[in-house]
Amino acid sequence: MHSSAAVGAMSSLGLKSMCAAVASRLDIRRLPSNWVLIVVALAIATWPVWRWMAHRFADGSGDMWELLAAVTAIAMLVRDQRATPSEAMAQRRDGPRSTMVMLRNRMLESMAVAPNNSRVQRAVVRQISVTLAFPALLVLAYAASYAFLSPLPRGMLAMAAMGTAVSALWYGRRVDIPILGLLLISLPVMASLNFYLGYPLRVIAGTVTEALLQMNGIAAVRDGAQLQWNDQVIAIDAPCSGVKMLWTGAYLSFSLAALMRLSTLRSIALASLAVVVVIAANAMRATSLFYVEAGLIPGPEFLHEAIGLVMFAFAAATLFVAARKLVTHVDAEHAASFPRSGCGSASIHPGSSERGATSACLFIAVCLLAALVPLATLEPATAAHAGFPGWPSEFEGKSLRAIPLSTIEENFAQSFPGNIGRFSDGRREIVMRWIASPTRKLHPASDCFKGSGYHVKPLPLERINNQTWGAFSAERGTQQLHVREAIADGNGKRWTDVSAWYWAAIRGETQPPWMAITVAASGPTQTDISVVPLTGAE
Numbered sequence: 001m002h003s004s005a006a007v008g009a010m011s012s013l014g015l016k017s018m019c020a021a022v023a024s025r026l027d028i029r030r031l032p033s034n035w036v037l038i039v040v041a042l043a044i045a046t047w048p049v050w051r052w053m054a055h056r057f058a059d060g061s062g063d064m065w066e067l068l069a070a071v072t073a074i075a076m077l078v079r080d081q082r083a084t085p086s087e088a089m090a091q092r093r094d095g096p097r098s099t100m101v102m103l104r105n106r107m108l109e110s111m112a113v114a115p116n117n118s119r120v121q122r123a124v125v126r127q128i129s130v131t132l133a134f135p136a137l138l139v140l141a142y143a144a145s146y147a148f149l150s151p152l153p154r155g156m157l158a159m160a161a162m163g164t165a166v167s168a169l170w171y172g173r174r175v176d177i178p179i180l181g182l183l184l185i186s187l188p189v190m191a192s193l194n195f196y197l198g199y200p201l202r203v204i205a206g207t208v209t210e211a212l213l214q215m216n217g218i219a220a221v222r223d224g225a226q227l228q229w230n231d232q233v234i235a236i237d238a239p240c241s242g243v244k245m246l247w248t249g250a251y252l253s254f255s256l257a258a259l260m261r262l263s264t265l266r267s268i269a270l271a272s273l274a275v276v277v278v279i280a281a282n283a284m285r286a287t288s289l290f291y292v293e294a295g296l297i298p299g300p301e302f303l304h305e306a307i308g309l310v311m312f313a314f315a316a317a318t319l320f321v322a323a324r325k326l327v328t329h330v331d332a333e334h335a336a337s338f339p340r341s342g343c344g345s346a347s348i349h350p351g352s353s354e355r356g357a358t359s360a361c362l363f364i365a366v367c368l369l370a371a372l373v374p375l376a377t378l379e380p381a382t383a384a385h386a387g388f389p390g391w392p393s394e395f396e397g398k399s400l401r402a403i404p405l406s407t408i409e410e411n412f413a414q415s416f417p418g419n420i421g422r423f424s425d426g427r428r429e430i431v432m433r434w435i436a437s438p439t440r441k442l443h444p445a446s447d448c449f450k451g452s453g454y455h456v457k458p459l460p461l462e463r464i465n466n467q468t469w470g471a472f473s474a475e476r477g478t479q480q481l482h483v484r485e486a487i488a489d490g491n492g493k494r495w496t497d498v499s500a501w502y503w504a505a506i507r508g509e510t511q512p513p514w515m516a517i518t519v520a521a522s523g524p525t526q527t528d529i530s531v532v533p534l535t536g537a538e
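Each residue of the sequence shown is one higher than the last, beginning at 1 in my numbering.
A few of these clues could be false.
Said to hold, decoys possible - Keeping only pairs whose Cα atoms sit at most 20 Å apart, straight-line, the calculated EDC-like set for lysine to aspartate or glutamate is:
{"hint": "1", "residue 1": "Lys493", "residue 2": "Asp237"}
{"hint": "2", "residue 1": "Lys441", "residue 2": "Asp489"}
{"hint": "3", "residue 1": "Lys441", "residue 2": "Asp59"}
{"hint": "4", "residue 1": "Lys457", "residue 2": "Glu475"}
{"hint": "5", "residue 1": "Lys244", "residue 2": "Glu66"}
{"hint": "6", "residue 1": "Lys244", "residue 2": "Asp63"}
{"hint": "7", "residue 1": "Lys457", "residue 2": "Asp63"}
{"hint": "8", "residue 1": "Lys493", "residue 2": "Glu396"}
{"hint": "9", "residue 1": "Lys493", "residue 2": "Glu509"}
{"hint": "10", "residue 1": "Lys441", "residue 2": "Glu409"}
{"hint": "11", "residue 1": "Lys441", "residue 2": "Glu410"}
{"hint": "12", "residue 1": "Lys457", "residue 2": "Asp237"}
{"hint": "13", "residue 1": "Lys457", "residue 2": "Asp59"}
{"hint": "14", "residue 1": "Lys457", "residue 2": "Glu293"}
{"hint": "15", "residue 1": "Lys457", "residue 2": "Asp231"}
{"hint": "16", "residue 1": "Lys244", "residue 2": "Glu305"}
{"hint": "17", "residue 1": "Lys493", "residue 2": "Asp223"}
{"hint": "18", "residue 1": "Lys457", "residue 2": "Asp223"}
{"hint": "19", "residue 1": "Lys493", "residue 2": "Glu462"}
As the list claims (entries may be wrong) - Per label pair, the in silico range of CB-to-CB distance:
{"hint": "20", "residue 1": "Lys325", "residue 2": "Phe395", "range": "41 to 47 Å"}
{"hint": "21", "residue 1": "Ala306", "residue 2": "Lys493", "range": "45 to 51 Å"}
{"hint": "22", "residue 1": "Leu459", "residue 2": "Lys325", "range": "14 to 20 Å"}
{"hint": "23", "residue 1": "Trp65", "residue 2": "Leu369", "range": "32 to 38 Å"}
{"hint": "24", "residue 1": "Glu394", "residue 2": "Lys457", "range": "29 to 35 Å"}
{"hint": "25", "residue 1": "Thr207", "residue 2": "Val310", "range": "20 to 26 Å"}
{"hint": "26", "residue 1": "Gln232", "residue 2": "Ala144", "range": "50 to 56 Å"}
{"hint": "27", "residue 1": "Ser150", "residue 2": "Leu369", "range": "20 to 26 Å"}
By construction, these hints were calculated from the structure, which means they are not laboratory data. Ideal Cβ placement from N, Cα and C applies to all residues, glycine included.
Between the sequences and the hints, there should be enough to build the whole structure, so can you do that?
Structural data, given as structure tokens:
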């Protein structure tokens with residue numbers, strides 16, 4: 001028994017010594033210099049997200065504009081990290097947007113005034129602990145939901161944790177809206193925004209356009225994302241959904257809020273205004289293009305792009321003016337109340353330093369445990385899909401010859417809720433996807449071609465054999481392809497883009513199964529069609 005007590009005492013002494021050593025490394029007086037530990041721990045905790053992002057940006061299926069948001073966020077953090085406390089406060093705009101340096105100085109000043117007041121020191125340590133509590137909860141949520149969330153929601157939780165952590169370390173607040181917003185839109189979200197928001201945004205643009213045209217005496221009627229007028233059907237196609245403009249509006253609003261140091265409420269107000277302005281600008285673009293597409297106003301071919309640029313310039317100018325209006329004067333008296341010097345020599349009770357270090361140690365431990373979760377998570381097994389009728393032997397009157405799927409396609413098909421087949425009729429290549437349930441894994445063919453290095457250009461809708469198809473051209477070197485695609489159910493309903501199909505399926509307007517068909521025909525300079533892996537973005 002005495003031996004056990006001795007061992008326990010030695011273990012307790014060793015643990016206290018270790019904590020004291022860690023506390024000396026994570027002293028409250030040096031918190032700003034230890035932000036690297038917190039950020040690195042978060043990066044390790046969410047390592048699958050960074051691997052997924054690297055894969056998505058490297059596969060070429062997107063435009064990589066999202067990386068601009070990450071670079072902007074880092075630039076804002078570097079700018080604010082280099083500012084002295086007085087300079088940072090002098091630039092502050094309406095709200096507790098103090099840097100971690102100022103938060104530390106305020107703590108040290110309080111301790112210097114009451115060096116022996118344990119209640120003050122406990123409050124200081126509690127304030128430090130609270131700054132890491134929110135990121136820790138987000139890391140735990142990320143780890144707990146890893147097994148059943150797809151990569152994008154995981155990435156959103158990871159970026160939210162990173163955003164709240166740097167908000168605490170740089171600005172002394174739980175959430176800094178501009179930095180958090182920039183980090184969230186730095187994820188590869190464009191393909192998902194097109195998938196989920198593309199069709200709803202086109203419907204909104206069509207609704208506003210219908211009202212504006214009728215106010216002008218044109219009896220156009222909206223049908224889904226199309227406008228019918230005088231036996232003409234003017235489609236608001238996927239490239240005109242306004243998704244890219246919406247992302248750009250969000251980027252401008254968060255960047256302006258960070259640059260001008262707007263408060264939380266004003267940053268939210270600016271971001272909300274960006275959504276409204278972009279939707280309005282896109283509706284005005286659709287209205288203007290109706291006059292061109294309907295032949296009411298003749299114009300050159302570049303007029304389509306010119307109208308889009310004008311509407312975007314209008315939205316950007318509106319956001320800039322609004323941001324300037326939201327900037328308020330600096331509260332000089334409040335800025336002067338922050339310490340500018342003389343706080344670095346404040347005396348801190350050793351116990352307070354150890355308790356503050358304990359919070360940081362616990363946060364790092366949570367991050368390390370979260371990093372192990374993906375290693376212990378098994379990939380869900382893919383259930384077999386009953387009811388598959390087999391592939392047709394002909395397409396548009398021509399016999400089909402099956403082409404083996406590539407290794408990439410076979411791996412993708414294992415998690416696809418349906419079946420994938422590739423065929424040739426001797427002149428064209430046809431890819432068929434039989435779909436058993438609504439899924440995000442049904443990607444636009446244009447994303448797949450982009451990922452294979454093709455330059456893609458949208459084309460007007462095509463009508464072939466009394467059926468409507470979405471179309472685009474794809475070029476890579478001397479190879480030119482004309483591609484059309486459509487999705488159909490067993491009752492004759494058709495969709496020319498995946499977003500419109502997905503929302504119809506979710507609302508119960510169509511029932512499974514569905515067949516998505518992509519037809520690629522070679523251009524005049526190329527007679528063979530190379531295999532394009534239809535795995536797209538996830």
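Review point. Hint by hint, which ones does this structure get wrong, listed from lowest number up?
Key: 15, 18, 20, 21, 22
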